[in-house]
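K.L.:
One-letter residues, chain by chain:
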Amino acid sequence: DGGITQSPKYLFRKEGQNVTLSCEQNLNHDAMYWYRQDPGQGLRLIYYSQIVNDFQKGDIAEGYSVSREKKESFPLTVTSAQKNPTAFYLCASSIRAFTDTQYFGPGTRLTVL
Amino acid sequence: AQKITQTQPGMFVQEKEAVTLDCTYDTSDPSYGLFWYKQPSSGEMIFLIYQGSYDQQNATEGRYSLNFQKARKSANLVISASQLGDSAMYFCATRAGNQFYFGTGTSLTVIP
Numbered sequence: 000d001g002g003i004t005q006s007p008k009y010l011f012r013k014e015g016q017n018v019t020l021s022c023e024q025n026l027n028h029d030a031m032y033w034y035r036q037d038p039g040q041g042l043r044l045i046y047y048s049q050i051v052n053d054f055q056k057g058d059i060a061e062g063y064s065v066s067r068e069k070k071e072s073f074p075l076t077v078t079s080a081q082k083n084p085t086a087f088y089l090c091a092s093s094i095r096a097f098t099d100t101q102y103f104g105p106g107t108r109l110t111v112l
Numbered sequence: 122a123q124k125i126t127q128t129q130p131g132m133f134v135q136e137k138e139a140v141t142l143d144c145t146y147d148t149s150d151p152s153y154g155l156f157w158y159k160q161p162s163s164g165e166m167i168f169l170i171y172q173g174s175y176d177q178q179n180a181t182e183g184r185y186s187l188n189f190q191k192a193r194k195s196a197n198l199v200i201s202a203s204q205l206g207d208s209a210m211y212f213c214a215t216r217a218g219n220q221f222y223f224g225t226g227t228s229l230t231v232i233p
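First to last, the protein sequences are chains A and B.
Mapping of the first sequence onto my numbering: residues 0 to 112, in sequence order.
Mapping of the second sequence onto my numbering: residues 122 to 233, in sequence order.
FYI, nobody ran anything at the bench for these hints, they're computed from the structure.
Just to be clear, a hint being listed does not mean it is correct.
In the EDC-like style, the derived pairs of lysine to aspartate or glutamate whose C-alpha atoms are separated by at most 16 Å in a straight line are [unchecked claim]: (1) Lys8/A / Glu165/B; (2) Lys69/A / Asp53/A; (3) Lys124/B / Asp58/A; (4) Lys194/B / Asp150/B.
Computed from a prediction, not measured in an experiment: that's the story for all the values here.
Using the sequences provided together with the hints, build the complete structure.
P.N.:
Okay, here's the thing in structure tokens:
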């Protein structure tokens, strides 16, 4: 089945640690995205990638980093510079960036201890 | 500027009844798209329906239909014959320019 997978489902981080969230898609989509969702709020764009080896900052990129070495994979690293990282993180993909429907993975819930 | 407004934080509907979830948008881009997503308690955002700004007819997908009123900048989601499994958060989103904008969501509870 084609789709988007995210791992882990739950992640706990100690303060000062970097953690990496995985996102993989087998939909052959060129574009991939990372969003952050906080309670009672909509989604906010962290980073997006239109094509392999390219990525752009979204609205709230500070404290996060990404890479796009393979078309299928778009991992997100939450660095120690992100002061309030506890949130729900959603990865999405689309055929092309910002012109087609985005399809989402199941999400990763990150909690800072 | 806020691009998407969902004014109903919570809605209740009787099973088998129809329900309308409101969404208004704000964009000056002549070409844009409107989306509705469902987010059950598991967290995954599930794509429901899409309407393009130049589409003449309202989009429909099974029990979902989008009541698109361009002049009022309104894109309401209508769910017919509600089922218990429809209980979830519903998000309206718009694609305009190089960005997607999401509303704050409406929580729908279907009552047996």
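K.L.:
Hint by hint, where does the structure go against what was stated? Just the numbers, ascending.
P.N.:
none
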